[in-house]
Structure formats: C-alpha cells, structure tokens
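Q: Listed below, chain by chain, are the residues.
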Amino acid sequence: DTEVTQTPKHLVMGMTNKKSLKCEQHMGHRAMYWYKQKAKKPPELMFVYSYEKLSINESVPSRFSPECPNSSLLNLHLHALQPEDSALYLCASSHAGGTGELFFGEGSRLTVL
Amino acid sequence: GQNIDQPTEMTATEGAIVQINCTYQTSGFNGLFWYQQHAGEAPTFLSYNVLDGLEEKGRFSSFLSRSKGYSYLLLKELQMKDSASYLCAVSGYNKLIFGAGTRLAVHP
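Chains as they are written, first to last, in our numbering: chain A, 1 to 113; chain B, 1 to 108.
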C-alpha cells in the first residue's frame with residue numbers, strides 16, 4: 001500500500017464553522033506533513049510531524065490546528081477561517097528524518113465562504 | 001534561508017527533448033527532488049539526487065551539482081501527457097521546500 005488517503009476531497013465552510021481534514025497512511029512512515037497550495041503556486045509547508053510529535057510549524061495562524069493521534073493518522077482542525085484560506089491542502093508522508101521521497105495524498109480542496 | 005529558482009514556463013514539441021533548470025541556495029541540504037504535478041492533482045515523485053551526477057530513470061533524467069547549487073531535469077521523447085508543472089524541491093533540516101515550478105506545455 002503506497003497510498004496517502006485524504007478526506008474529504010472537497011469542503012465548503014463558512015467563516016464561523018469548525019471542520020477537520022483527515023489524512024491516513026499505512027506505509028509505516030513516521031514523518032507526516034501538511035502543505036497548502038494556491039492555484040498556480042507551489043505547495044507551501046505548514047506543519048511537520050515526526051514520530052507523532054510536532055517538529056515544524058511554519059508560523060501558521062492558530063486557526064489551523066494540527067493533530068497526530070497515531071503514526072498512521074494526521075488531522076488538520078479548522079476554525080474561524082478566512083476566504084483567503086481557500087486552497088488545496090495536501091498531506092504527505094515519508095520515512096522519518098525528512099530525507100526521503102514524500103508521498104502525497106490527492107488533497108482536500110477547501111473553499112471558505 | 002532557502003531560495004529556489006526555476007523558469008516559470010517552457011514550451012516544447014512532442015518527441016523532442018527539454019531541459020528544466022533549477023538553482024538553489026539553502027542553509028541545509030539533504031537532497032534535491034523533482035516532482036511532476038498535473039493541474040488539480042497531487043505532486044508525484046520523479047527523481048531524487050543527493051550526490052553529484054546524473055540519475056536516469058526511463059525518459060527522465062536528473063542532474064545535480066552541489067558546488068554550483070544547480071540541478072536540471074531532462075525529459076526525452078516528449079509526449080502530450082508530459083504537459084504539467086515540474087517542481088524542484090530541496091530537502092534540508094527535516095523539511096522539503098518547493099520552488100515555484102515550471103509549467104511545461106508540449107505541442108504536437
């Protein structure tokens with residue numbers, strides 16, 4: 001199984017809503033990542049988890065809250081988002097240490113109204 | 001900090017060869033990756049270089065010179081399906097940072 005699965009694929013939410021994006025992998029990877037990608041731009045790193053601990057937060061606003069319940073799961077909790085947060089949110093995983101290939105999920109396309 | 005530069009757009013003809021260049025400046029270096037991304041889809045891995053030299057994988061090859069902070073991706077026998085964005089990404093300090101990407105359009 002070389003897949004990273006993300007749900008939902010599409011999400012529309014209002015600025016007062018609370019929602020979560022979910023990501024799952026069963027490749028035994030111990031590093032997991034959240035990236036944000038706007039149209040025609042490259043993916044921008046948001047968070048890195050290594051061995052279920054948050055190791056990198058790229059100064060992401062607190063309205064985005066990551067969570068890593070176990071080595072296979074990664075969540076991104078969303079609260080009080082702004083329309084400019086609308087983007088494709090990509091989850092990825094790799095072997096720990098961040099030196100290997102990142103495997104990406106298909107992404108969750110978020111629209112904030 | 002990190003700075004990764006690659007051309008914004010390129011065009012090429014089906015069956016031809018195209019080279020996409022990438023230059024980088026980083027404070028830590030664990031390797032350089034090339035990813036392909038079709039519009040609306042997730043990036044997919046193409047190649048990885050950690051030592052100087054050429055890595056060949058089918059129609060795709062990637063070259064790295066660490067002393068020059070330079071890499072290129074070479075695509076041979078271009079096909080229409082190769083029309084996509086090609087992202088150069090540098091790994092360092094436990095994170096992978098992407099360049100802005102090169103949008104390649106392949107014409108018949």
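No lab work stands behind these hints, which were simulated from the structure alone. Fair warning: this is a prediction, and the values are worked out from it, not measured in the lab. Just so you know, not all the hints are guaranteed correct.
Taking lysine to aspartate or glutamate and the EDC-like style, the derived pairs with C-alpha atoms no more than 16 Å apart in a straight line are [stated by the list, open to error]: (1) B:K95 x A:E58; (2) A:K41 x B:D52; (3) A:K9 x B:E41; (4) A:K41 x B:E9; (5) B:K81 x B:E14.
Listed below are several chain B residues computed to face chain A (Cβ distance under 10 Å; list not exhaustive) [said to hold, decoys possible]: (6) Q37; (7) N49; (8) G53; (9) G69; (10) Y70; (11) Y72; (12) A105.
Glycine included, C-beta positions come from ideal geometry on N, C-alpha and C.
Q: If a hint holds in the structure, say so; if it doesn't, say that too.
A: We went through each hint and held it up to the structure:
| no. | hint | verdict |
| --- | --- | --- |
| 1 | B:K95 x A:E58 | holds, 10 Å |
| 2 | A:K41 x B:D52 | violated, 28 Å |
| 3 | A:K9 x B:E41 | holds, 11 Å |
| 4 | A:K41 x B:E9 | holds, 13 Å |
| 5 | B:K81 x B:E14 | holds, 10 Å |
| 6 | Q37 | holds, 9 Å |
| 7 | N49 | violated, 12 Å |
| 8 | G53 | violated, 18 Å |
| 9 | G69 | violated, 18 Å |
| 10 | Y70 | violated, 19 Å |
| 11 | Y72 | violated, 18 Å |
| 12 | A105 | violated, 14 Å |
In terms of the numbered hints stated before, the structure departs from hints 2, 7, 8, 9, 10, 11, 12, listed from lowest to highest.
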